[in-house]
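Asker: One-letter residues, chain by chain:
2 protein chains.
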Amino acid sequence: MTGPSAGAAAPIHDLEEAPVKLATLRSDNPDGRLVVVSRDLARCAPAPVPTLQAALEDWGGVAAPLQARADAVNAGTAPDLQPFVPAQALAPLPRAWQWLDGSAFLSHARLMARVFGMEESASHLPLMYQGMSHRFMAPLEEVPFRSEQDGIDFEGEFAVITDAVPMGTGPAPAARHIRLVALINDWSLRLIGAREMKTGFGWVQAKPACSAAPVVVTPDELGPAWARCRVRLPLRVNWNGAGFGQADGGEMSFGFDELIAYAAATRDLCAGTIVGSGTVSNEDCREVGSSCIAERRGIEMLDHGEARTGYLRSGDRVTMEVLDADGTSVFGRIDQRIVVTGGTAAPATEVAR
Amino acid sequence: MTGPSAGAAAPIHDLEEAPVKLATLRSDNPDGRLVVVSRDLARCAPAPVPTLQAALEDWGGVAAPLQARADAVNAGTAPDLQPFVPAQALAPLPRAWQWLDGSAFLSHARLMARVFGMEESASHLPLMYQGMSHRFMAPLEEVPFRSEQDGIDFEGEFAVITDAVPMGTGPAPAARHIRLVALINDWSLRLIGAREMKTGFGWVQAKPACSAAPVVVTPDELGPAWARCRVRLPLRVNWNGAGFGQADGGEMSFGFDELIAYAAATRDLCAGTIVGSGTVSNEDCREVGSSCIAERRGIEMLDHGEARTGYLRSGDRVTMEVLDADGTSVFGRIDQRIVVTGGTAAPATEVAR
Numbered sequence: 003m004t005g006p007s008a009g010a011a012a013p014i015h016d017l018e019e020a021p022v023k024l025a026t027l028r029s030d031n032p033d034g035r036l037v038v039v040s041r042d043l044a045r046c047a048p049a050p051v052p053t054l055q056a057a058l059e060d061w062g063g064v065a066a067p068l069q070a071r072a073d074a075v076n077a078g079t080a081p082d083l084q085p086f087v088p089a090q091a092l093a094p095l096p097r098a099w100q101w102l103d104g105s106a107f108l109s110h111a112r113l114m115a116r117v118f119g120m121e122e123s124a125s126h127l128p129l130m131y132q133g134m135s136h137r138f139m140a141p142l143e144e145v146p147f148r149s150e151q152d153g154i155d156f157e158g159e160f161a162v163i164t165d166a167v168p169m170g171t172g173p174a175p176a177a178r179h180i181r182l183v184a185l186i187n188d189w190s191l192r193l194i195g196a197r198e199m200k201t202g203f204g205w206v207q208a209k210p211a212c213s214a215a216p217v218v219v220t221p222d223e224l225g226p227a228w229a230r231c232r233v234r235l236p237l238r239v240n241w242n243g244a245g246f247g248q249a250d251g252g253e254m255s256f257g258f259d260e261l262i263a264y265a266a267a268t269r270d271l272c273a274g275t276i277v278g279s280g281t282v283s284n285e286d287c288r289e290v291g292s293s294c295i296a297e298r299r300g301i302e303m304l305d306h307g308e309a310r311t312g313y314l315r316s317g318d319r320v321t322m323e324v325l326d327a328d329g330t331s332v333f334g335r336i337d338q339r340i341v342v343t344g345g346t347a348a349p350a351t352e353v354a355r
Numbered sequence: 003m004t005g006p007s008a009g010a011a012a013p014i015h016d017l018e019e020a021p022v023k024l025a026t027l028r029s030d031n032p033d034g035r036l037v038v039v040s041r042d043l044a045r046c047a048p049a050p051v052p053t054l055q056a057a058l059e060d061w062g063g064v065a066a067p068l069q070a071r072a073d074a075v076n077a078g079t080a081p082d083l084q085p086f087v088p089a090q091a092l093a094p095l096p097r098a099w100q101w102l103d104g105s106a107f108l109s110h111a112r113l114m115a116r117v118f119g120m121e122e123s124a125s126h127l128p129l130m131y132q133g134m135s136h137r138f139m140a141p142l143e144e145v146p147f148r149s150e151q152d153g154i155d156f157e158g159e160f161a162v163i164t165d166a167v168p169m170g171t172g173p174a175p176a177a178r179h180i181r182l183v184a185l186i187n188d189w190s191l192r193l194i195g196a197r198e199m200k201t202g203f204g205w206v207q208a209k210p211a212c213s214a215a216p217v218v219v220t221p222d223e224l225g226p227a228w229a230r231c232r233v234r235l236p237l238r239v240n241w242n243g244a245g246f247g248q249a250d251g252g253e254m255s256f257g258f259d260e261l262i263a264y265a266a267a268t269r270d271l272c273a274g275t276i277v278g279s280g281t282v283s284n285e286d287c288r289e290v291g292s293s294c295i296a297e298r299r300g301i302e303m304l305d306h307g308e309a310r311t312g313y314l315r316s317g318d319r320v321t322m323e324v325l326d327a328d329g330t331s332v333f334g335r336i337d338q339r340i341v342v343t344g345g346t347a348a349p350a351t352e353v354a355r
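As given, the protein sequences belong to chains A and B, one line each in that order.
Add 2 to the 1-based position in the first sequence for this note's numbering, that's all there is to it.
Add 2 to the 1-based position in the second sequence for this note's numbering, that's all there is to it.
Among the hints, a few may not be true.
One copy or two, either will do: identical chains are not told apart, so a pair holds if it fits within one copy or between any two.
Said to hold, decoys possible - Listed next, the in silico SDA-like pairs over lysine to any residue satisfying Cα-Cα at most 25 Å (straight line):
#1 K200 to L127
#2 K200 to M169
#3 K200 to L108
#4 K200 to S109
#5 K200 to V117
#6 K200 to R116
#7 K200 to M120
Hints were generated in silico from the structure; no laboratory data involved.
Build the full structure now, drawing on both the sequences and the hints.
Answerer: Shown next, in the form of structure tokens:
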């Protein structure tokens, strides 16, 4: 460490306020190779730790070297600088030990409850499920699905990545375990999901691998857009080139601190746990649009008595991006086509045989 | 390879029929050190591959060397033979990328539906949820819980561990991806679980880390006890030294082949995926007993109008073991005390704050 605190132990607080952008490039390692990315996403340089998982397991030890590298990348002085090529990027954590996805926008939950004539769940607790985490799709990768009959949908959401969180950690200390913020597309198969929800067991078939934007950022990299453990920026979703939604993450009814505390109530969270916000949704969804087709269909059912928008078709393109106040892309862009493999055209309610 | 097929390519079939017992010993590596264990669990020797995860990622390459090592361990001729000490064992996969737990005993589901006056779910599909997989507790480890008020319960079940299974794999080919069979205690917090089920999102708080018996075995190690992708042996559960249940795994309404096919319907399964049977339960549960307290309480409610058996208390000891026809322990024993940390005594329905 150099600077004002040189010679003294660096206060933890400083280490936590290291504005850094990180990405993972394809390599021989399934966990890829970690790079530090410039603020404008134009350049990058190898990080002083090989993988993001390794960094999260020793955040206290790597935060200062990461920030030093980020400073050099942003100044253009890093010796091993290279262009940042999104096509070379994997998901920041190509595989994670744990993915816990919340549903933290109550305006969405209330709307969907109205659509389906359901009772609203108790609003003093967030909803959360454990999702598949052994693979997150790369931001520009083609995404395979088995059948259009499954009701293929996207779900734009924010997520945070934590270091190790002990069981019983409350919201205030939980906030200090948020190391990185991410942009996720939580692909969902709606026609399977309705059946699985009724079992009470949650989703398995309805929730295949998620996709992730190429870049994750430390909370303070977001500046004033990070407030109350929420991302106060619109999440721009495009479907086949047309704007679909730009709902703002600031309207979360539960902050990520509360979601982490919920997740850690009865278990330790490992370093590299990803906690999601659920589909980003705003009260004025008729103006700003939605982050998933299911919500738009719900609005159509309320307004017109029927859903008019169909789910995704093979070949459809979905992009997601978040711009900061200056118009700079925060996380880079998810830009993917889906392809229906046709491996089976079985109805969603049947086991593949 | 030596023997009848020496000089020719070894048929895959032979490699798959390698009777082997494996365990993972504590080491500097969080994934431990893989050892081959003798049939009687008395001795072991280092496996020719460092970890179980690595073995599962290259099963075709390691099956023959593993079997050769197993032969030498059983013959007592392995040069680096050592006593197998269960206290040194971690869970066979101390952390796994994926844990998908089924509920494959319909007699249990039907009984619980009667107790709670619920509609039975469609019985042509197994139930399944995604569980926490980043930690499996060691077989003799003390297990921490936050509060007795959460309704602490055990769930004895069988599980299989697969290699990589492509999306859309049906039951018949799925059977060939079953590499190992395991014994699991799926700890459950019943008073939280009821609330979480109602949300449709499945369980997060209600399902902390599972425990595992020290030894996993290849299916053919089970001999005739492995039939129709089921373990036809009783799972012996003791609670504070008293027999609680010895339900037989052969009564699974869905085989592990069908559970894997269900799990792989819309996703690739990674090597090292663990698929569970759900609590082992038999039609004659009043005679053979149960593998979880919840089932016994259900029987009491039907028979006496009220549950008489309470959930676990701090200090309680739970053991699980499976003996083969010769009385040999197949998987070794789970033998654990629980300890309530008292980190919070909040009611189960509140977020820890």
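Asker: I'd like to know which numbered hints this structure contradicts. Please list them from smallest to largest.
Answerer: Structure breaks no hint.
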